[in-house]
Amino acid sequence: MAGRIDRRAILPRALLLAATCLLLPSAAAAYVGPGAGFAVLSSFLTLLLAFFYAFIAVLTWPVRQLWRFLRGRNAFRKASVERVIIVGFDGMDPELASRWMRQGKLPHLARLAKTGTFRPLATTHPPISPVAWSTFLTGVNPGKHNIYDFLSRDRQTYMPFLSSAQVLGPRRRLGFGRRAIPLGRPRVKALRKSKPFWRYLGEAGIFSSIIRVPVTFPPEPFSGVLLSGMCVPDLRGSQGTFSFFSSCQGTGGQQEGGVLLPLVQDGGEWTGELPGPENPFPEEGRLDLTLPLRIRPDAPRRSASVQLDGQRITLRQGEYSDWIAVRFRAGFGISSRGICRLYLKSVEPHLELYVTPVQIDPRRPALPISHPLAYSVYLGKLQGPFSTLGLAEDTWALNNGALDDPAFLDQCYQIHAERERMFFDALEKTRRGVCICVFDITDRVQHMFWRHMEPGHPAAPKHEPPDSGVIEKLYQRMDALVGRVLDNAGPDAIVLVVSDHGFKSFRRGFNLNAWLHREGYLSLVSGSTVSEPWFRHVDWQRTRAYGMGLNGLYLNLAGRERFGIVQPGEESDALLAELREKLRGIADPQGGQVAIRDVFDTREVYQGPYRENAPDLLIGYASGYRAAWESVNGSVMGDVFLDNTRPWSGDHCIDPHDVPGVLFANRPILGEQHSIADVAPTILQLFGLPVPGYMDGKPWTIRPEPAPIPAGPVAAPASRGF
Amino acid sequence: MSPINSAFDFAFQPFADRSPLLSLALFAAVSGLLLLLNYRFISNQRAIRRVKNLVQAHLLEVRLFQDQLGVVWHAYGKLLRATLAYLGWSLMPLAVAALPITVVIAQLDLRFGARPLLPGESTLLVVHLDDSAAVNRVALQLPDGVVETAPLVRIPAERRVVARLQTRLSGRARIVVADGAEQTSKEIVTGTGLQPVSPERIRGGWFDRLLEPGEGALPPSGSITSISLDYPGRPLTLGPIPLNWLVVYFLLTLTAAFLLKPVLGAEF
Chain G
0 MAGRIDRRAI LPRALLLAAT CLLLPSAAAA YVGPGAGFAV LSSFLTLLLA
50 FFYAFIAVLT WPVRQLWRFL RGRNAFRKAS VERVIIVGFD GMDPELASRW
100 MRQGKLPHLA RLAKTGTFRP LATTHPPISP VAWSTFLTGV NPGKHNIYDF
150 LSRDRQTYMP FLSSAQVLGP RRRLGFGRRA IPLGRPRVKA LRKSKPFWRY
200 LGEAGIFSSI IRVPVTFPPE PFSGVLLSGM CVPDLRGSQG TFSFFSSCQG
250 TGGQQEGGVL LPLVQDGGEW TGELPGPENP FPEEGRLDLT LPLRIRPDAP
300 RRSASVQLDG QRITLRQGEY SDWIAVRFRA GFGISSRGIC RLYLKSVEPH
350 LELYVTPVQI DPRRPALPIS HPLAYSVYLG KLQGPFSTLG LAEDTWALNN
400 GALDDPAFLD QCYQIHAERE RMFFDALEKT RRGVCICVFD ITDRVQHMFW
450 RHMEPGHPAA PKHEPPDSGV IEKLYQRMDA LVGRVLDNAG PDAIVLVVSD
500 HGFKSFRRGF NLNAWLHREG YLSLVSGSTV SEPWFRHVDW QRTRAYGMGL
550 NGLYLNLAGR ERFGIVQPGE ESDALLAELR EKLRGIADPQ GGQVAIRDVF
600 DTREVYQGPY RENAPDLLIG YASGYRAAWE SVNGSVMGDV FLDNTRPWSG
650 DHCIDPHDVP GVLFANRPIL GEQHSIADVA PTILQLFGLP VPGYMDGKPW
700 TIRPEPAPIP AGPVAAPASR GF
Chain C
0 MSPINSAFDF AFQPFADRSP LLSLALFAAV SGLLLLLNYR FISNQRAIRR
50 VKNLVQAHLL EVRLFQDQLG VVWHAYGKLL RATLAYLGWS LMPLAVAALP
100 ITVVIAQLDL RFGARPLLPG ESTLLVVHLD DSAAVNRVAL QLPDGVVETA
150 PLVRIPAERR VVARLQTRLS GRARIVVADG AEQTSKEIVT GTGLQPVSPE
200 RIRGGWFDRL LEPGEGALPP SGSITSISLD YPGRPLTLGP IPLNWLVVYF
250 LLTLTAAFLL KPVLGAEF
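Residue numbers (numbering that gives the first Met the number 0), protein chains in the order written: chain G, 0 to 721; chain C, 0 to 267.
Only chain G is shown next, with the shape it has when bound in the complex (with noise of 0.2 Å):
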């Protein structure tokens, strides 16, 4: 009786199927049915594929470590070290931690400043993250690894574009109509030059897992994990562009950093579109690819009920979702897929949403945003979806109005938990070689609330008490992340706590592009008295210099810019030096402080062969100023010097000699004076690896033991000069 079944065995073998199913799930199956079918199907073919990597771990074992040995490749051979772990603060300032560490508020660095180093860590010209972050992992100058600013500009155009990486489109596309369906995945172009420290590790056989390190996007394979950081873009291949939804009259339009969007009223709900990446096929319509957006308010319980996407999402006022992952289709079965957080800012008067950029989901990445790729896919799945934007604290929406403080800082310590956790994990597994994680918290609050710890700052809070504590706390919980390294880390590997820069007050900005205009450096088309960004009403025939991004000054160099004017040698030396001879030392009407500390010419400041797309000049500006929102951007308008009315009320771009970021290490390191260039060459020497000749840092030496903890409370040395 082919096909038969012994019936009577059906019921009581199902019961017993969560036992029988592992043991034997294709019988299990058989008996018991479809139902147990899905479970088991799953449960066998994961314990299938553990096994298959197991037994080819473990048959492959052997082999590689002979094929290691036979090479040479006895990594730790040299090494004074196993294991070095690096937390990156981006922006912890010296001075701020010397003073809560002689308080006693921050224990774990006091430690670390009584038992081993603390110092100040001399950063780069200029001061700003994604140069300084690229000369921590490459340890050479800008001139040598191409990064000046967060842009750099098109000698052609005059128009910015992002330094670190460029997205393009997909090699091939197909035909189809008028239609053009790309085929493959956006390409994206490193711009940043030179060789990351842990690339030399792995090429000795010494594994590191880098977590959103600046400036590591796109991800460069090497022997180990690297999740990408700062540069990473949204979906929309912007640096972070959130949508703002609102049912007050009136609203919509473009913002810095984000997009005003309009809700309208359908019955007892409300609609919009949240905007996706581009839509690959135009012509047919719409440039962006959108998602339908439904809100039903319930005013009484101070809540609503979101659809997006198929999902439905119930938040109260002042609360934000969980990640959302959304996918925005193209048509012919092209599609990309994000996540996004909602944050229900207002039910009454006007119903007002917030939605994060819309982010690269690390579970589904339309673009390598980790190495291996399958990295960030494995923190997704293992942690849930997390922020992958490289600027994910969004800064603009605060400075904006998107969000209020309280919602901000919360933002921020949601993406921080993310981080740590990753953090940790890595930690977990790097138990030979190196780990690093920058954690940019400690960046972005400052930057926002820098105003709610001095009085009298033009941005201070006006309406409600200043929140002066809230820098302090960050600098406790860094502290106690600290804290919880040092108790992972044990008394064997070394510990190095580093900043990128350090920080200082935003009071007054210094509108760079508008003073060129005022002594004749910088012309407008006739009939124009400002400029909008980018230069529009520039008469490039007529000017001479030109201002942009947060502290370059370029020349318009004949053989050089499209329409340069000034011819290279002499007139250009002497337009350099007459540029910085107005410029240094130049005060503020307002109060007669000195706003210009030092202009530094390039050729001085800079070796290397990316020399030459450098600005011409740096403003090294006084501790207080900044470029004005107004110049940053290349506009031509306002006042020369203006007071700093946005959140954004902290800065680091200023002179470099005024902000150094911090070095604690838990070893003594001899010496005084410290660059963050110095840690990649330090880093290949720990491990026993030359350091290679075009490095611009020193190695520092590092005492093998901690110093013993002297008696009486732990705090700072007094004699560091704070």
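Some hints could be false.
Said to hold, decoys possible - Sample of chain C residues lacking proximity to chain G, with all beta carbon distances greater than 12 Å (derived):
id : residue
1  : Gln12
2  : Leu59
3  : Gly69
4  : Pro142
5  : Ala180
Stated by the list, open to error - The list that follows gives simulated cross-link-like pairs (lysine to any residue, SDA-like), each with its CA atoms no further than 25 Å apart:
id : chain 1 : residue 1 : chain 2 : residue 2
6  : G       : Lys104    : G       : Arg483
7  : C       : Lys51     : G       : Ala416
8  : C       : Lys77     : G       : Ala373
9  : C       : Lys51     : G       : Asp321
10 : C       : Lys77     : C       : Thr101
To be verified - A few chain C residues that don't get close to chain G, going by computed Cβ distances all over 10 Å:
id : residue
11 : Pro118
12 : Glu120
13 : Ala156
14 : Leu193
15 : Ala216
16 : Leu237
Calculated from the structure, these hints are not laboratory results.
Note that beta-carbon positions come from the ideal geometry of N, C-alpha and C, so glycine has one too.
For chain G, the structure is supplied; the task is to place chain C on it using the hints.
Same frame as chain G, but now just chain C:
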């Protein structure tokens, strides 16, 4: 006839003269849908999603950190834990589905497990008894169109009686089996098409009847414990490949469920 039998007879009526593979595929698709709905609404979907992600994460962990044996072995431990957790979360929908699936499989087995006899085809009828003395009392009363092609074989040691029969009728008829004064019967089905056939009639209560739903239970008072009729198997083939109906049903159910999974947003 039980209501369950009636319901399945009604459901199979349109497929009586159609390809068994087609009808099986349709039933598998419906089963896949119902099982998926069962998972969707009975199980803790969030927990299943979470634990599946963990399983995948630990698999990736093994691949990403393959040079570090300590990490790899640790990952295996976590993988095993996550897999067990996954099975744990699957138990509830499984428990809910177990009984209905048992009924469905028993009913499908009536139709796909064997085919009716063809006119002129021979078969064996076996009467099982609980008393060896009763072996000699057993007598058959055959309906018109069914003949004995050999004398009854009585095997007291095995407490059974075997008859070789040939059918020339078309349709359903009953063979009366007498144990002295007590009589019972067994259905014999001759014909073509997708008809339910009951290879065995047994004693027992409702549960046994659930599993052997083709005919009512034998009376508990007599000596006869079961009567079986040897129907030929129903061959399902995919081209030259012979297939077991249960395997086909299982695979098609899973396929349907996988295809419908994104539509229903169910996780399993």
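Evaluated hints:
no. : hint                 : result
1   : Gln12                : holds (22 Å)
2   : Leu59                : violated (4 Å)
3   : Gly69                : violated (7 Å)
4   : Pro142               : holds (23 Å)
5   : Ala180               : holds (30 Å)
6   : G/Lys104 to G/Arg483 : holds (16 Å)
7   : C/Lys51 to G/Ala416  : holds (23 Å)
8   : C/Lys77 to G/Ala373  : holds (18 Å)
9   : C/Lys51 to G/Asp321  : holds (19 Å)
10  : C/Lys77 to C/Thr101  : violated (34 Å)
11  : Pro118               : holds (20 Å)
12  : Glu120               : holds (14 Å)
13  : Ala156               : holds (24 Å)
14  : Leu193               : holds (14 Å)
15  : Ala216               : holds (13 Å)
16  : Leu237               : holds (14 Å)
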